[in-house]
Amino acid sequence: MGVFTDLTLSDARDGLRKRDFSARELTEAHIAAVEAIRPLNAFIVETPEQALAAAASADVRLGRGEGLPLDGLPLAIKDLFCTKGVQTTAASRILKGFKPPYESTVTENLLNAGAVMLGKTNLDEFAMGSSNMTSAFGPVENPWRRAGDNRPLVPGGSSGGSAAAVAAYAALAATATDTGGSIRQPAGFCGIVGLKPTYGRCSRWGIVAFASSLDQAGPMTRTVRDSAIMLGVMAGHDPKDSTSAPLAVPDFEAALTGDIRGLRIGIPREYRVDGMPAEIEALWKQGIDWLEQAGAKAVEISLPMTKYALPTYYIIAPAEASSNLARYDGVRFGLRVPGATLDEMYENTRAEGFGEEVKRRVLIGTYVLSAGYYDAYYIKAQQVRTLIAKDFAKAFAEVDCILTPTAPSAAFAIGEKADDPLAMYLNDVFTVPVNLAGLPGISVPAGLSSDGLPLGLQVIGKAFDEETMFRVAGVVEQAAQFTHRAQGSRP
Amino acid sequence: MSLIEGRTGSWEIVIGLEVHAQVVSEAKLFSGASAAFGAEPNTHVSPVDAAFPGMLPVINRHCVEQAVRTGLGLEAQINMVSVFDRKNYFYADLPAGYQISQFTKPVVGEGKITLDMDDGSTREIGITRLHLEQDAGKSLHDQNPTMTYVDLNRAGVALMEIVSEPDLRTAEEAGAYLRKLRSILRYLGTCDGNMEEGSMRCDCNVSVRRPGDPFGTRCEIKNVNSVRFVMQAIEIEARRQVELIEDGGAVIQQTRLFDPNRGETRPMRSKEQAHDYRYFPDPDLLPLVLDPKMVEDLKRNLPELPDKKKARFIADYKLSPYDAGVLVDERITAEFFETVAKGRDPKIAANWVTGELFGTLNREGLGIEQSPVSAQALGELLDLMGDGTLSGKLAKDVFAAMVKTGKAPAEIVEEQGLRQVTDTGAIESSIDAVMAANADKVAEYRSGKDKLFGFFVGQVMKATQGKANPGVVNDILRKKLAG
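Here the protein sequences come in this chain order: A and B. The first sequence runs 1 to 491 under the working numbering. The second sequence runs 1001 to 1483 under the working numbering.
It should be emphasised that the hints constitute simulated quantities derived from the structure, not laboratory data. These figures come from a predicted structure and were not determined experimentally. Ideal Cβ positions, reconstructed from N, Cα and C, are used throughout, including at glycine. Incorrect hints may appear among the rest.
Unchecked claim - Derived contacts from chain A toward chain B, CB cut-off under 7 Å, selection only:
1) SER242
2) TYR367
3) SER370
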C-alpha cells in the first residue's frame, strides 16, 4: 500500500499504462490513506464509491490500451470546485449541503481525462485566509511538525486541505485555487509543489468565486513534472468564462528539459523585507547559486511598487468578494435562517452562515466601494495595480523568470496570529503581487528551516510562459533534492 | 412655448425621460436561456440567471448588435470600448445581489430624436446615452398570504436604457418623443415597443421653473407603462410642484409613483436610507470592444428610418407632410402604402390607406398586419377605378364588401354586377326617359333654373342604380338639357 501512495503522479501514470498495477489497487491504497489521515481534517467530503467506480472504468480503458491522460490517477479536489451531485461548500456554513447540478470546467477536464476523485478538501472559508483556520469545518493540520515540538501547525491557506492531502501522501495531486497565494503559500508550508498559472489559463467556470479578477485554479503536486502534467489537463480556453484565454495549451511536460543555460533570472531587490528570517534569505541565495551553477544568469531587478501590493490586494479582493458573496442570501440555495421580513432573513442568514473572516472582508469590500470612498480606495488600488503590473512588465523586458522566497516564514502553530489579521495578511507579501499582475508563479520545496519545517522558493514567469517557469522550477527542484517527508505523512 | 399658469404667473415644465426597452433577442443578455415572454414561472432560468456559485456571464453578441443598431438609428455616437459594471443591491428577485449594467462607459453616447409636432414644426431632442443592462426577476406578492414568490424568467433579459436630455417642455412633447422612439425601435426591430407587456417602460424626470430660470429640483416618476399615463403623470406632477412652490414650499428630489386611478403621484415607500449601489467594473467580463467592421456592416444594413422615409414620401410621392407622417409611423404601414402606390397614383393610394383602410381598422380594432384587405387587393381596387370600371362611390361599396368577405375586388364587381356603365347609348336612353318623365323640370331648367342640374343627375344615377359613369352622365345631360 505504501508503495502505491509513495508514487509520483507521473510514475503512477506510467505504471498503470504498463499494467504494473491496476487503477483499482492504486485507488484503494489512496482511499485507505485518506481514511488514515482523517485526524488532519484535510477532507470535508470523501467519495470512495465514486472513486472506485471511476477506477473500474479506467481499468477497462487501460486494459484495452486506450488509457486517457490521467486515467486511474486518484486526486483530491479543493471544495471550492463545484462537483456535480457532490456537496460543494467553500468550507462555509452558508453552503452546507449544497450539491451543484453542474461540474466545474477544471474538474470536468480532469474527470474527462480519467482522473479519480477521492473527495473534497478543506480550505479557508470562501478561500479567505492563509492558515485554513477560517473553515466552518474546522482547521486542517499540517502533516509536518517542528523538530522537538508536537504542537499542530497550520498547513497554510487557503488550499490547506489540498496541501495536507498531497504532503501526507493521501492523493497523488490535488486541485487548488490561488487568489493571493492560496496555492503557493500552503505548498511552501507543506513541502510540496504549488502552481498558480497565468490568469486566464484555467477556466473559472464552476469555481466558487472569491475575487474574480485574481482567482486562478492550479495544481498541488509533489514534483514539478506532476505539476506540468496536471496543468496540461486543467488548462484550456473555455467559452463559458469570458476571462479565459483563447490560447492553445502547450505540452508543459516537454518543457522540462533541465536546460536553463543563458536564461536571465530576476532577483527583486524589494523582496528583502524587514523581519524576514535569515534562513529564508539564505535559502533564497542558495536558490540563486543553484540556477547560476546550471548556467543561468542572476540579474538584480527592481519592483518598486511591491510595498503597495498588500494594501492594494486587501482593497481589490474584498471589494470583489463583497459583491461575489451577495448571492448567498438564503433565497435560492444553501442556508436560510428565517426572519420576519426579507431584510431580516438576509441578516439572520448571513450572520449565521458566514464566519468572522468572511464578514470582515465583506465589510471592508463594501466600505471601499461606497460612495465617497470609492475613488480614494478602489480606484486608487486599481491604479496601483496597473503600476505593479508595469513593474513586472519592465522587469520581464530584461529577464526570463524571477526567483523569490514563497513566504516570509515557515508554517506557524494553529492559533498563532489568529487574533491579528494584519500579521496573517503579511504571509502573502511575496505571492500577492503575482496575482495582481496576473502572472504564473510556482512554489518549489527547497529546504528546511532550523526547526525542521519546509521552505519554498517561488519562480515567477512571464504571462502565458509557464514553460520557461516550469523549466527553471525543475532545475531548482533538481538542485534542492528535497526528499524530506512530513512526520504526519505515515500516520 | 407651452407654459402652465399658476396663481403667481407662468411656469415651464422641464422633462427628461429614461426608457427601458427590452431587446428583441432569443436569448438573455449573459446566458443562453430563452428570453421569451409569458412562459410558466421559472422555466426560462439557467444556473447563470439564478446566480448559482461559480456561474459566469458571457455576453450575447446579438444583444450588443441590437444596441449598436439602435444607437445608429438614434444617430448617436457608438463607443468602441464600453464597460459592464455591477450595480449592487439586495432584493429577492435579483439573484446575484447585483445587476450587470453599464455606468460610466455605456455602449452608445450622445444622439438625437426629431419630433414632428402637430403644427408641422419639428423639435430636436437630445439623447444622452444608451446602455445595456440585465432585467431583474419578478416578485409575486399575491400568491400566498405570508410568502413572496419569485419568478426568474425575466431575470437576465437584455434591456436598453435610453436616456434623454432634459429637452422636453410639455407632456405632449414627451408623448411625441415616446411614440417616435417606439417607432424607431420597431423599424429597427430592436424592441417590440409593447408597453402593456412591459417591454418598454418609462421613468419621467420632471421639474418646473420660471421661464429663463435655471433648472428646478426634479422628481423621478418610476415605471410608467403607457404613453397616455406618461403624459398624465407629467401634467399632474408639474401641477403638484407648481402648487407646492406657490404655497411657499420647496420640491425635494425624490422617487415617486404615478397612480392613474387616483390621478396623483406619491412618494415611493420611503427606504431607511438612500441606496448606495457601489458600482464597479464587473471583473467577470472584459471591456466590450467593438469591431469597426461590425459597426460598419450594421450601419450599412440599417433599414430606412421614419424621418428619411417621410422625406422621401413627400419628395417622391408629393404627399402632404401630414399624410407622409401618418404613413411612416409604422414600418409595416409604410410598406403597405408603398405596395398600393406602386405603379398607381400615390395620392389616391395615400387617401385610401389613411381614409377607408384606417377607418375600417380603427372601427374593427385591428392592426394593419391583421387588415382584412391586403395591399395587393387594395391596389387592384384602385386599378378598377383607374380604368373606369368603378366610380369612386362604387369603389367604396366594393371596399366594404372586400372587408366583409375577403374576396378580390374583381370578383365582387362580377358577382354583384357593380360594373360602371359607360355605354353612352344606355346612358342616353336613361336620360331621355328621365327628361320625358320630368318635362316640367326641363322647362324650368331651360328658363334659367340651373340648380336643377343636380336633380337630373340624381335621377339618372337612380335609374341606373348608381352604375352610370358620372362623367359621361354629366356630359350627355348637359348637352341634352341645352336642347
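Status of the SER370 of chain A interface restraint (C-beta, 7 Å, chain B): holds, 6 Å
Hint check, SER242 of chain A versus chain B [nearest Cβ-Cβ separation less than 7 Å]: holds, 5 Å
Hint check: 7 Å Cβ-Cβ cutoff, TYR367 of chain A to chain B: This hint is violated: TYR367 of chain A lies away from chain B, its Cβ roughly 10 Å from the closest one there, beyond 7 Å.
Hint 2 alone, counting from the list given before, is not met by this structure.
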